[in-house]
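Generate the whole structure from the sequences, applying the supplied hints.
Below, each chain spelled out in residue letters.
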Amino acid sequence: MAKVEPRNEMPRQDPKVRIRNFDEVALGYSHEQAIAEASRCLQCKKPTCIAGCPVQVRIPEFILCLSEGDMWGAVDALKDKNNLPAICGRVCPQETQCEETCVLRKKYEPVAIGRLERYVADWEMGQGVKTPPRAASTGKSVAVIGAGPAGLTCAGDLAKMGHAVTLFESLHAPGGVLMYGIPEFRLPKSVVHAEVEYVQSLGAELRFNSVIGKLHTVDELLDNEYDAVFLGTGAGLPRWMKIPGENFNAVYSANEFLTRTNLMRAYLFPDWDTPVMIRPRVAVVGAGNVAMDSARSALRLGADEVHIVYRRARDQAPARLEELENAEEEGIIFHWLTNPVEILGTERGWVTGMRLQKQELGEPDSSGRPRPVPIPGSEYEMDVDMVVVAIGTRPNPMVFTDQPDLVRTRSGTVVANEDTGRTKKPRVWAGGDIVTGAATVISAMGAGKRSAADIDAYLKDSDQPWWVELELDQQS
Amino acid sequence: MYRITAKEDLTPVTRLLKIEAPEVARKAQPGQFVIVRANKRGERVPLTIADFDRESGQITLVFQEVGKTTKLLGTMQVGDELASFTGPLGRPTEIEEYGTVLCVGGGVGIAPLYPIARALKAAGNTVISIIAARTENLLFWQDKMREVSHEFTDGALQGLIVCTDDGTCGIKALAPEPIKEILASGRRVDVAWAIGPAIMMKFCALATEPFGVKTIVSLNSIMVDGTGMCGACRVEVGGETRFVCVDGPEFDAHQVDWDLLLERQRFYLDQEKQALELFEKQHAGHCGEGE
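Same order as they appear, the protein sequences are chains A and B.
1 is the number of the first residue of the first sequence in the working numbering; add one for each residue after it.
477 is the number of the first residue of the second sequence in the working numbering; add one for each residue after it.
No lab work stands behind these hints, which were simulated from the structure alone.
You may find that some hints are simply not true.
Examples of chain A residues toward chain B, derived with CB under 8 Å [to be verified]: (1) L171; (2) F208; (3) V211; (4) P238; (5) G245; (6) N247; (7) N249; (8) N255; (9) M264; (10) F269; (11) D273; (12) M277; (13) R279; (14) G349; (15) N396; (16) M398.
Built from N, CA and C at the ideal position, the CB exists for glycine as well.
Structure below.
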């Protein structure tokens with residue numbers, strides 16, 4: 001193997017500066033850095049990176065174009081498989097996907113595929129995004145529920161194929177978790193808006209403030225106007241610890257804390273109307289991306305100290321490695337192998353602390369990670385005056401109102417074929433967190449893409465059987 | 477979208493707005509609410525639906541000016557548009573033929589009570605109504621409430637029962653007093669509704685409890701999305717955590733942890749004060765030029 005240059009670091013805001021602002025932390029490569037990083041790619045004859053990508057982006061091809069200075073070629077190769085590269089370049093856990101399967105990783109550091117993806121996508125945005133040609137109208141119409149990663153991807157692909165697409169969004173802004181969940185400092189909202197405008201430019205119509213299950217049911221959509229319905233409503237309901245004190249004042253779900261801060265711009269209060277509480281000592285429970293986002297937001301909102309409490313060890317933390325490192329750099333205090341058993345409060349019900357219990361790692365559980373086992377007698381108290389619960393989310397059942405034939409699992413996710421997105425209810429597809437439970441942006445996009453392809457096939461030939469019994473056996 | 481088609485001042489601090497929202501009006505039921513954003517930078521506030529007209533596609537909202545957002549909404553005029561309007565949210569009131577029902581509205585709570593009382597009457601119930609306010613000029617919709625209420629006569633209590641804290645209109649009493657009087661007289665009441673400020677609902681619940689009369693309240697907690705996403709609105713009912721937005725807003729009054737609700741409503745008092753002061757400074761000199 002030829003000499004391989006070290007991986008190019010991406011410039012970032014200084015931690016001391018960035019904990020006082022909501023501007024993007026990672027600043028992106030310069031042109032020279034991008035070219036240098038692109039030239040590290042070996043252009044493998046049998047690339048292994050593509051299989052690591054949930055939407056199979058033609059990675060070596062876009063990197064080759066980039067290294068040769070053919071920027072539009074790079075854009076086309078990238079966007080052929082991924083409608084939303086500026087987002088994926090920022091929020092994908094590349095270290096467990098494309099970069100994990102990069103050949104270089106065996107001996108060196110992998111090619112920084114995510115950073116290159118971001119560079120190419122940002123370059124395109126600077127040029128003014130060009131809209132690809134659309135297929136002739138098919139005369140078919142599809143309702144896509146939820147304008148998050150799965151819905152936007154599905155809608156974009158269907159519109160490209162010539163179907164009339166209406167995207168129903170329950171909030172007043174598009175993007176789903178990209179808008180309400182992921183903070184400005186990790187994913188600037190201007191990037192989300194640009195990607196949404198791209199999907200609209202393909203012909204998808206966006207309808208805000210439309211809560212399906214309340215304003216219209218799925219059956220009404222199927223009966224009145226639409227040939228097919230795609231459910232991409234995500235996993236929007238917060239999970240709670242179900243411990244005493246969880247309803248005290250200053251106990252937030254991460255969903256609420258982040259929605260106030262991001263979607264409602266509470267960090268600009270009182271210029272924007274929505275407030276968010278911040279108190280000096282904040283504890284965040286959980287160690288996923290949402291927990292990191294909550295902790296780092298609390299710091300930026302003015303908390304004196306921010307703690308992360310997690311029942312497993314650092315190695316098991318589900319957060320993207322870069323965000324975990326960013327949080328550590330910013331001075332978040334981590335309490336690994338620690339689990340809250342009670343939230344303490346004043347007589348009037350305002351948080352004053354948490355009772356915590358130390359854990360040790362036991363046998364692997366259903367997630368394959370070592371199970372946290374409480375250590376008897378290890379309980380202690382920690383003074384905090386605000387708690388953010390970030391231990392996961394589950395699907396919102398609202399979209400299932402009056403739809404008993406949309407079969408669900410015990411955890412509340414909808415049963416759907418993994419390859420096609422078909423649910424048990426004819427003409428209804430589903431993809432993303434509503435099927436898998438909380439997962440990643442890119443896996444939701446992948447599911448949106450697969451459903452779009454199957455919807456297109458079905459709309460062209462609806463005589464095929466809806467649900468093959470063999471698949472049913474595999475599902476149950 | 478979401479154009480204001482009519483505006484009325486029901487009291488010096490209570491405003492009525494009719495909003496053009498045909499899809500919402502087609503689905504709205506008594507007891508449900510909408511989430512409103514006045515402008516681009518506005519917060520999302522829940523407002524109970526005071527009336528709906530499926531034909532003309534309009535929703536009636538009634539609110540009292542208490543904080544920045546309600547004052548801002550109060551400055552909006554016919555022809556203006558709301559930035560967003562989401563609904564109908566929450567579970568509708570369970571309208572059935574119960575027999576005799578008691579409908580109690582306090583202050584601005586009279587507005588959401590009205591379509592419920594109307595539907596209960598239409599379902600064949602005998603509707604006894606009490607409307608209450610601090611003082612006469614905070615009362616409204618006496619005529620509308622009288623229309624949907626049973627001609628009630630029981631000693632001193634006649635027709636629609638009106639009471640004010642200061643006795644400037646109707647009897648001088650707080651809402652729980654006529655409730656106790658009616659129930660103590662031995663009159664059969666099958667179900668009661670009480671809608672108004674949390675503290676008023678709490679005391680109405682305490683008034684009906686000894687008589688074993690099932691009592692429904694419509695809780696007004698803090699919300700953001702209104703679809704179950706954030707949990708800001710969580711309350712404890714019968715020892716269980718419930719979300720007002722999706723599990724309510726109506727709950728069994730005798731199961732509600734009122735002190736928790738009251739304290740959670742106070743969570744943003746400092747910020748609410750700050751926002752209001754800023755708003756009033758920005759609007760200084762514009763006050764009183766409402767029309």
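Hint validity - N396 of chain A Cβ closer than 8 Å to any chain B Cβ:
holds (6 Å)
Closest C-beta approach of N249 of chain A to chain B relative to 8 Å, hint status:
holds (5 Å)
Given L171 of chain A was flagged as interface, is its beta-carbon under 8 Å from a beta-carbon of chain B?
holds (7 Å)
Interface restraint verdict for G349 of chain A against chain B (beta-carbon cut-off 8 Å)
Holds, about 5 Å.
If you take the shortest Cβ to Cβ gap from V211 of chain A to chain B, is it below 8 Å?
Holds, about 6 Å.
Hint validity - R279 of chain A Cβ closer than 8 Å to any chain B Cβ
violated (11 Å)
Can we keep the D273 of chain A interface hint, with Cβ of chain B closer than 8 Å?
Interface hint status for D273 of chain A: holds (4 Å vs cutoff 8 Å).
Have a go at the N247 of chain A hint: is there a Cβ in chain B nearer than 8 Å to its own Cβ?
holds (6 Å)
The hint names F269 of chain A as touching chain B; please verify it with the least Cβ-Cβ distance against 8 Å.
This interface hint holds because 7 Å falls under the 8 Å limit.
M277 of chain A as chain B interface residue, shortest Cβ-Cβ below 8 Å:
holds (7 Å)
Holds or violated: is there a CB of chain B closer than 8 Å to the CB of F208 of chain A?
Nearest chain B Cβ about 7 Å off; hint holds.
Against chain B, run the beta carbon of P238 of chain A and see if the smallest gap drops under 8 Å.
Holds, about 5 Å.
Hints 5, 13 from the list above are not met by this structure, while the remaining hints are.
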